[in-house]
Structures are given as structure tokens and as C-alpha cells.
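**Student:** Spelled out from the first residue to the last, the chains are:
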Amino acid sequence: MLLIHCPYCKETLPESEFTYAGQAHIVRPEMPSEQTDAQWEEFLFLRANPKGPHYERWRHFHGCGRFFNAVRDTVSDKFLTTYPANTPKPDLESLIGDAE
Amino acid sequence: MSSYRVAGKGRVDTGKPVDFTFDGKTYQGGVGDTVASALLAHGEHLMGRSFKYHRPRGAVAAGSEEPNALIGTRRGPGRFEPNTRATMQEIWPGLETQSQNKFPSLKFDVGAVNDAAYMMFSAGFYYKTFMWPRSFWDKVYEPFIRQAAGLGVSPTEEDPDHYASRYLHCDVLIVGTGPAGLAAAKVAAQDGLKVVIVDEHSEAGGTLLSEPQAKIDGTPAWDWLSATLAELKATGVKVMTRTTAIGYYHQNFVGLCERVTDHLSALPDDTPRERMWRVRAKRVILAQGALEKPLVFHGNDRPGVMLAGSAQTYLNRFGVLVGKSPAVITSHDSAWFAAFDLADSGAKVQVIADTRAEVDADLIAGAKSRGIPVKLSHTVTATSGRLRVKSVRLNPVDGGSVGAGSNVTCDALLMSGGWTPSLHLFSHTKGSLTWDTDLTTFLPNETPEDCIIAGASRGLWGIEAALKDGVTAGEQTLDALDRAASGTHSYAVENDRAGTGVTHKELLTDKSPGKAKAFVDYQNDVTAKDLRLAVREGMRSIEHVKRYTTNGMATDQGKMSNINGLNIAADALGKPQPKVGLTTFRPPYTPTTFGAFAGYHRGEHFEVTRKTQIDGWARENGAVFEPVGQWSRAWYFPKPGEDMETAVRRECVTTRNSVGIFDASTLGKIEVKGPDAVEFMNRMYTNPWTKLGIGRCRYGLLLGDDGFIRDDGVIGRFGQDLFHVTTTTGGAARVLNMMEDYLQTEWPDLNVWLTSTTENWSTIALNGPNAARLLAPLVEGIDINDEDFQHMSCAEVTVAGMPARLFRLSFTGEIGFEINVPAPMGRQLWEALWAAGQAYDITAYGTETMHVLRAEKGYIIVGQDTDGTVTPQDCGMGWAIGKAKPDFVGKRGLMRPDLVAKGRKHLVGLLTEDDSKLEEGAQIVFDPNQPKPMTMVGHVTSSYQSDAVGQPIALALVAGGHDKMGETVYIPMPDRTIKAKITSTVFLDPENTRLKIAKES
Amino acid sequence: MTRFNALNLVKHALTGHKNWTEQWPEAEPKKEYDVVIVGAGGHGLGAAHYLAKEHGITNVAVIDKGWLGGGNTGRNTTIIRSNYLYDESARLYDHAVDLWEGLSQDLNYNVMYSRRGVLMLAHNVHDVQSFQRHVHANRLNGVDNRWLTPQECKEYCPPLSISPNARYPVMGGALQERAGTARHDAVAWGYARSAAQRGVDIIQNCPVTAIRRGANGAVEGVETAKGFIKAKKVAVSAAGHTSVVMDTAGVRLPLESYPLQALVSEPVKPIFPCVVMSNAVHAYISQSDKGELVIGSGTDQYTSYSQRGGLPLIEHTVAAIVEIFPIFNRMRMLRKWGGIVDVTPDRSAIISKTPVDGLYVNCGWGTGGFKATPGAAHTFAWTIAKNEPHPINAPFTMERFRTGRLIDEAAAAAVAH
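Chains as they are written, first to last, in UniProt numbering: chain A, 1 to 100; chain B, 1 to 1001; chain C, 1 to 417.
Read the hints as simulated data drawn from the structure, not as lab findings.
Careful, some of the hints might be misleading.
Chain A side only, calculated, beta carbon under 10 Å to chain C, not exhaustive [claimed, not checked]:
1) C9
2) K10
3) R28
4) M31
5) D37
6) F45
No experiment lies behind these values; they were computed from the predicted model shown.
A virtual CB, placed ideally from N, CA and C, is assigned to each residue, including glycine.
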């Protein structure tokens, strides 16, 4: 069971309090009707599936209920950081530097 | 006293005799004995039969790595378990045990014919045959193979025991109570630090229990051990025995399985059999020690052939001589010490044969002083004895060639092939390993977890080295916790037996290697030649070799066989061991009871059951229930003598003719509140919400952004900024999650609050021509008529004295109301309505009648009439889409090419020509005469008997159905083909006249 | 190469098994191949076998980063069935079952396909409706599947508890008698041996680092740990690692990789005659020929390549098993392991050409890859050889996610109401 730091509650808590919510930083277009089929496919389905650091979303479901973002290494399952939704992507290189 | 018990030796209390049975015969041991030690005390080595060849086997080890001595253990009815290690099971008065994998008896087993035909049963033999004739496979070969499966027999009764689980948070978890673990614990045991140390055995001490001769700082090992344990307990360290660390999971999450009652003669009340501890430790110290390797030679599996270290344990810990005239074959110093201990306890050691040309002079002297013959540069080429080893054949080796052998009579053969560090838990962490050429073993390298490995488990032999390494591990752990170690810890050990040795592949022999039965994996009967055959056949990775031969796949999971197997495979491949690889260790460390994993989650507690406030009334009134998601819902309310169909028909008829009452509390309810609530609703649901007046409600449809229907429900507006949303029963959590997702991450600018109120309201539906008449007198705050409270209205009122949110809506086509009251008042309201309803012959109805009534009106059930691939247009609900809205969830998805293509499946009604009721799920075709596979054009989604319509009705998804009204389709059944006509989905009262409340005169 | 049969087994036994030859030689990569297949699991090796056997294309290499059959082929619970709902799925999986039935003879390697029957349990009214829809659809598709009452379920699988008081009572089951299990490793080895016999190179421990495309955009070959290998066609069949490989060719796929765990009990004498699946509680169980109960779990909630998996999921799976089969409560878990499964949004596979000329992909099998092995490999080989889909895999395109023509087995089993 992973340990996850909720950036809102500022506590590190077991995974069972959280639900995974897929890749982060996928913004729903302002006006979906103007999207092409290919763009809409991209929005709906195409996901990064990296072996390594992954920007992803979690929800502190059995806690504050809020969605937040995380960078987790999908090889080690280690969280490099978590941060509030609607904030910019943290710089990956500095994160990996921190971890080492 | 049993004839092999040594007075004054061991920790078993023979003054407290314990009687138990093995294969029906009663044996006596003492408190502290295992089944294996007690049987050995009676000179019984034969304890089991191997898997493939049914060869007679005895205990080869003294711990949890034992591959041979597996027994069935029983404690009365329901309490039987197969494959228990006789070496770990403590005896208690009345314990019944039995041997396994034999027929008719352990001493004479007909399955042993396999042994004679062993040349046929080489590695992978079954891949090469049993293929012809093809028809024989199902009927002859496969049943034959399957019949040979398994060791013990499965339990066949329900388990009366219960199992517990606990969380434990600590600063330091130490696995292993040998010298390394104890030394680490002494360092780490500080004020304010929570330290836990665990061991799988019945008592702490690890190797110290087998080495009483050692003196630690001048104190005899056992005295040091009890003093240390007392000191640790006094400083608050939690010492847990009979507790196996089974797995090391993410971020220092370690599973421990504690065996609570398996050693007790009487089961205490309210005590679990086992307890799973889920430990989250800041730091972990792994001090699991090392396991001794067998030597691989022809006949190394006879009962009486045993690891030397285990023989030493049986003597020193259990006070049992495994033989009175043992012989020894070894490649490591440690077996010499075992021989000395046995000799000092009265055994006549026949010979110590060592594969090495030179050994330490002290060892030679030790043997000489005890009168033990020594043979250096020797190999063992055979043993004899059917049910117990009788002799061993030893041959000199000179320059790689094997000389003439001579037989040495013995009643036990002790062997040692050196020691392998236990890296199991370290390996669970995905820790990397490095190969140590000198020690011929893998050693731990790096781990991603906050963990240190200490002592013999990283290749340090001897008590002093382990103690010192434990100190270092303790200090490093304190350092990592930002603590300083108090004082210095250093140890000096006398009579330490570190020792060195060499590692072999299979021993040299003068026999044809193809004929040698030199076992590597005892339980699975894998021999050295099997491994070499696998390599010869192209298996180059250790994983291939393992899987082809099944080496390491027995219940000891390779604890005895992995490294020997690797050394032999590497030799056969001509590659260094790391290039061949080590198979990954998987949790659990030792086999662990299912019950311990399941813990409390059994029976009613397997998963929570959600019940409404009216559940008790429904039970008292004979309802039959159905599980819907986590909910238990009243399905129908049979009167005495009624079956389901009769009950449902009565409930339907009564509701249509007068009034019915239904518990709708399971519906999901979400309060959407805030200045931007209407904008939020406009974006989430397909419908337009801006113009919905306060006090009005509307059917809402929710799509995914892919355009497919996700959920539906009636939504009432209770204020400019307040919507009361209802969802399907199963969809409540999903819908709220979806709403939160969009609100928080896509539209954080919207000022809206979402609150689940499913559990806050009890919801009771009243439907039928008499519903208004029944309800009106109970309502304060509004008049119940078509002018003041028209269909699709909502209001906050008082019902029967209770504050309520009242909806006028209908899921039946009749005059209908849904009354929401604060949840705890649900039953009170129900009973008030029930009492008032007696004048109208009110019926309670369940989910089945609800389904019938709604189907007669063509109302869909999301998840039954839709399946995640259905659009609003497919359901004929284009009217629910706010076309003027610039966007809503699903709008773009609906424009995708295949969602607007011709020929999509549409929801339609079906009426059968012969008035038979269709089966739900039945498939529909246009051409009934086509061959299989048929082109199916849809399926029946809902189907019911309908008294109101006068014939059975069905809803179905049919390709292009909306354009085929009145046409005939076919439903091929196994026995006949049914014709049905496509109709509207509304079977009853299409003008909705029944919704009107007649004016009371 | 020695043919496998009882006579040769006896002959070799008499000579101490000294004369068996390698089942597949250790190959070093040539400079160029007609087809390079990335991923030496059952699907990749199977495609090589069918390319050689049915399409005469033998200048083929199958390359793997590890040892052959070391991915999901060797980590699954070996369940084989074809009673899927949608026509597209039923045809694909039933094609596979047809091939499974003759596979041992086709490969001259006993893969021990065991038609012991797969029973899928219904635990609520929704399950009943859903499974009956399956049964009806399968019947008209000519796929064997029939409905059993709870009592019939109990007769078919005696360890089953059909107590109506269970938290998830058994309300019936859908039985496919033709379905069953096979020996997973033997499938990889059998295909490898057969392909190698026909001239295919099997190159192990050679990670593919990139797919190289030429100036015209078409595939040129693969970069590997052993250097560049030229190829006219590249076919990727790398399960959980497919996204990573395809990314290097600039092809994005709707895939996410999740950890999937499975476990076995200690071996016991035959007690469990068939395969039982319960989707409602996420538990899948059969008994291996060694006697171990083989139990499948669901996927963890997060994407991962760690192959570790968490304890809570295993606890839930075991609890589900003992809920349905209470007699197993005192049995012991021997070993659990993890695989990585690649999952598409509609839970159906992709066997398809790609926008890149000469590049083909077979992926997205989720938890269903093993049972499809011969069918997927067979149609994938066809697609590679002819540069067009076989009629059976034609619906399993990449494009369906754009147009919306999904094959949504997951949604079809969706629970609501």
C-alpha cells in the first residue's frame, strides 16, 4: 500500500484513503464542439503511459475529497511530489535531483 | 524417555509430557517439541513421500524451509490443514497428524512405481507426449495427469476459526531474533522509539538456540539471550514470536502473520487462530539469517539424510539425537561442529568426510580427540536403506577422478553444502543483488526502501560478526531517525563457530550421471540431471530451467534448492551464475493461511451491506431482498403462499388500481448549491436548467464526454442556487465523483458546493390513482392538486408532522410522489403512510414491481436498457438535450462519426405475436433462417408480464428500430423462434391522462 | 530437431536423455529481416510460427528484452474461454479456442489444453441479465455457453457454496464447457520451438530501444542493445511495454499499463474440477495439474511497471475466494506475483496496422491476453503478411477510438440501477 501526501491536508496517508484519477494536466478544451474528431480522441483516450515519472491525478476520497496532482515513478511507484490541482507542472529534472 | 532423547540437552520440557498421534499411532514428546523433533526422539525419520516419485522422505531441516516432512494436522471437525511443516508445528496434547501423498500407507506406497520408471519422468516429459491419439487427451491422459496432483488433501469443511488483522505503526521493525536482530534491537531500544522485533519460531534466539556453547562477553549464550530479551521487553520493545514477516510491500509496509492458537491444546474464547499485522515502519532491519544448503549426490534424499546444522538444532534446542551412529559429509566447517556436538552427546560418529583437501587443523584435532575417523578429499556416491539410511558410500577424489568407494554403516547422514543468506524480504523490496564469487552466493546490494540488512543475511558468518553487524545496523537506523546511539556496544564471543567452506554443484560420482538420483528440489523430485537436461534442451535462463523442471517451485519456494539449482545450471551452461540469474522471491515468505489474508472479511463482513431505514419493516413484513451494489433492497413482498410472479402481479395491479408504497431511499441524492449552481447543472447534464422554475423538477440525463449515457434521475430546484439531484442507486458515488472532478479540475471558477445527501434522506414513493387522496390530508404547506402542485413540482412541506422535501413525479405513469424526510424519520413516515393507506388497500412493492410499472410506461433503467454504448437519441430521448447550450458533458462526444451513423441500435418496444414473455438478454435477428453465426441486430433489455397492458411487454435495442415501427423481428430460442412486433416503448397511457389528479367533489 | 512422441521419449530415456537437442537455438541477430517482432511472448512467438507456417515468411526475428515467455505469458492464471458478448470478441476468442484445440498437434508440443469448463457466477439480478444476454448471443454465434441454476453450479463445482445467505449469493452461472486452461509456459516454448524449426531467429535479452523510421516515414528497423537491425516490417507485441516501444515510432496508443496480481495455494489432491470466475467480487480460480489452486486478482488502481502490487488487493481477492469457497479458508497461499497489463479504454484489444507504413501492433489485451494467444497470433500474422486485417481482427482497429465504434465488453457488463 502506497503512502501519499495530500497537498491540501498536508499529511502523508495510506493509499486506501485515495483514488487514482488518471493522467494529469489534460485540459478539457474551452469549446469542445470546435474540436476535430482526432483532437477529441486525444482528449478522451490518448494517455502518456511512461515507464518512469508520470504526472497523474489522485483524489483524497476518504479525506478532504479534493483532486490533486502527483509525479510518481511508475517503475518504483515512488512519489516524487504531490501538488494542488490547477497549478503548473513541477520541473521534472529538479524533482529527480531531489530524489537522488 | 524416548530412546533418542539426550538427558540434560535442549530446551524441551520432557517433564511435561505431551501425547499426540502420527498416522494413528500415539507418540509422546515434551513442551517445546515440534512434531518432527518429537518423532525423531522416537527414532522415526520417515515422515512423508515426495511428489512425483513417491520416494520415502524424512525431515531434512529443522525450520520453515523443510521440503519433505509435510503432514496433515487436525484439531477436530473443520480444523484440518494439509502440508503443515512437521518441523514448525508444535505439539500439544491431542494433536492429530497424518502423513501425505501415500497409498495405502507411508511405509508401503504403490505410487512408488513411478520411482522405478523414473527415466520416463524426466524434466518436461509431459510436453513431449500424451498427444496421440488426440481424442485420448480429454478422456485418458489429462485425467491421469490431474489425478497425480497435489501432496495433502484439501480441507472439506467450513473453518470454525476466525482470523484477525491489526495495524501497527512503529519506528523500527526488526525481522529475525538471532544475534544480529537482537544486537540491533538493543541499540535501537531507546526512550520514545517504538521498536518491534519478530521471529517465525516459537521462541526468540535464532541460531543462539542451536549454539549454547557460545559465550557472549563471558556469558553463556542462553543466559545472554534471556537477559537480552528481558532487557528489551523492559525498555518497551515488542518481541513477537510465532510471527512470520510474510511480505515487504511499498514504503516499508510489512505484512506479519502471527500464529496465535495453533500450538495450544485448548482454544481460548474469542481468540483468533491467526492475526495479520499490517506494519508501517519508519525503518526496517532485516536479520533473517542464512539457510544451509544440502549437498547434491545420489541418494541424498533418504530418510535420515539431514542438514548438519539441523541435526545440531535437534540436539541443542530439542535434546534429540537424530542418529546414534551418524556419518557426516560436508564442504563447510559448520558440519564438523555439529558432529562434535553429537559425539559429545553420546553419538558414535562414524566418519566425517569432507570434500576439501585441507581443513583447519583445529577441526582435525577435534575429530581426533573424539575418536572420529576423518576422510578428506572425499565424495559421496551412494546411500542405502529403503525407509532409513543404512550406509553411505564414500569415494576418494584425486585430481577430479573418483576412486573406489567404501561403505560406511550409519543411521543418519549429516550433510552441509555451506550457507545461503536469506534475501527473501530484501528481494520483495525490488532490492538488487550482487554475486559474491568467494562465497558463491548472492549478497544484497541496494534497495529502494528504508531498510538495512544485517548479519548472516548479508553473508557474515558467526555469532560475533552477526552481533557486531547488528550493532552497526542499529546505529545506522538511529542515525536515519535523527537519533544518536547511546553508549558503545561491542561484543566478544568465545566458542564462536564462524567457519568457512566451499560450494559445489552436484558432487563428483563414479556412477553414470544419467542414472544418478541426486536431488536438488526434494519435494518436486528434481534431480541434477533434470536440470542439465533442461539446459541441453535450450533452457538458458534460470526462469526457464525452473519452470521446465519445477525446481524451486515446491512449498519451500526454493529455499533449499535455488542456489544448488543455479550452480548446476550455470555449470551446464558454462556461464557465471549472475548471467544465468536468480529467480525472484515472491511473497509470502512461507505459505500463509487464506483465512489470515481474509481476516474479518468473511460472511456478512465480506463487504458492508447498506440498508435503508425501512429495511426492518420490510423484513418484518416478509420481503424478499436482492443485492444491488452494496445495497440490500426489498425485491417483492410475498403474502403467504405467493410466489414471486403472483406477488409482483398483485403489487402491480394494486398500485395501478389504488396505491402502492415503495422504498426509494437507495436513490443517490446530491445537493448542488451555490451562485453558479445553474451554470454547473447546464454544463453537467444534457438538459437546459436555466428556465426551470423554483419548485419545479425535471428528468435529467447525464452523459460521459464520450457521448454515452451514464446516469439519470429527477432533479428539483429548491432555490435560485439550490438543486436536489437524484441519481440511480448504483450510480450515486460515480456521479458525485464525476461532478467533483469537473468542478474541481475543469471549472474551478464556478462557485458551487456538492454534498452527498443519499444517507440524509429517507425517500418513500407513493404511486397510484389514490396516491394524492392518501397523501393530501397528511401534507401541511401546500395543497395537493393539479393547480397548486402540478406534475413535476417540488416543495418543502410537512408530511405527517415531519419536515419533507416533496416531489410530485412518476416512475409508474400513475399519480406519484416522492417524499424525502430526514433519514431517521423514514420508518415513522412509512408507517404513517401505511396506516393511512389501509383505507385504500395499499400495497408495499419492491424493486421488481417498480421495474414492471416503469417498463409499461417505457421509462428506462440506466444499466439495464442501456449498457454504456447507448446515446440519448438511441433511447428516443433527444428531447432531453438542450440543443441551444454551447456545451455540456458529452455534447462533443455525440458528434463522433459512429454516434451519428445510420443503423445504430434504438430502444423500442416489443410485443410477441404469441403473447409469450421474452427472455431478457434474448437476441434479435431480422432473418430467422440464416445459418450460425447469425447476424444479430439487437437484444431484449427488459421483459415482464403485464396485466395493465394485457400481454407481456418487452423493451429492446434494435438496429434502426425507430424506423421500423410495426415491423416484425425474430427471437431465435433453443426450441423455437419467437416473432415480435416493434412498437413504441410506451405501452400504457401514452397521453399521460393517468397523471392527472381528479378534482374532489 | 527430435520429434516429440512417446516412442522417442522411451528411446531417449534408455540413453539417459543425453541426446535431446535444443528446442530453440540461441540466435544472434542478422543484419536484416523481412519481419522483426518485438516481444517474445505467446503472441509474438505465435505470430512468428504462423508467419512461417501459413505465409511462408521465415526471415523473421522475434526479439525480447528478457527471456522468452517471461512476461504475461508466464504470469497469468491460464484461463481460456470465448463466451464474450459482442460478435467481434466472440469470433476472435472462439477462433482462438478452435486453434487451442489442435495446438498440441500443430506444434508437436503438449500445451495441455484442458477443457475442464469455465463457470462464470452471477451474484445479483444484473449479473443474471448480463450473463443471459451472453448465453443468448453466444448461442446464435455458435459459441458454447449455457445457463446453470445455483444447484447445477454446485453439482458442476462441488466446493462452491450456494448458501442463499452469502453476502454475494450465487444466483446462477454461465458455463462454457469447451473452455478451460492450458500450460502457459508450454505455449511460449511450443511456439518458439516450432518457429525456430522453421527458421525464425529468437533473440533473447536484447532490449529494443527504438523503432527507426526512414525519410518517407516508413519503418526501417529497430535499434537494439545488440545494434541496429534492419527490417521491412516491424510488429510490436510487447504487452505492458507496448506504449514505450510505440512512442519511439511516434505512434501514440490509447493504452495504460496496470499491475495485475495472481497467486497460488500450496498443492493439494484434486478438489476443484473446473474454472470459476466471479466478476462481481473479482476472483478467478482453478486448480493446476500440480494441485495448486491458481487464483487471479483484479488490477491495482494506479498505472505501474513495478510488478509489485499491494497487499490490500490480495487480501480482498483471498477474502472473495473463501467467501465463495469457504472450505479453502485453512489452505495456504504459496506465492503471489504481479504482471503488467496494457488496458484500452474499451477493454478490447488492438490488432492493427498503424499510421506508419510497415509497423503493426497487437496490444491492449488487458487481462484477456492468454486465452486469445493463438487467435491473436494467427490473425496478427495474417495482418503482417498481407498488410491488411484478417476479417476476424478487422474491427480491432486503432481508429475505433476516434469514430466511437468501441467494442465495449466492460461497459456491457457495467453495473448501474
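**Student:** Is the interface hint satisfied for M31(A)? The criterion is a beta-carbon contact with chain C at less than 10 Å.
**Tutor:** Not OK, violated: M31(A) not within 10 Å of chain C, min 19 Å.
**Student:** Verify the interface restraint on D37(A): the C-beta must sit less than 10 Å from at least one C-beta of chain C.
**Tutor:** holds, 5 Å
**Student:** Going by Cβ atoms only, is R28(A) closer than 10 Å to chain C?
**Tutor:** violated, 16 Å
**Student:** Answer holds if the nearest beta-carbon of chain C is closer than 10 Å to that of K10(A); otherwise answer violated.
**Tutor:** violated, 22 Å
**Student:** Tell me if C9(A) is really an interface residue toward chain C, meaning its C-beta lies closer than 10 Å to one of theirs.
**Tutor:** violated, 19 Å
**Student:** Does F45(A) hold up as a contact with chain C if the rule is Cβ-Cβ below 10 Å?
**Tutor:** holds, 4 Å
Violated hints for the displayed structure, listed by number in ascending order: 1, 2, 3 and 4.
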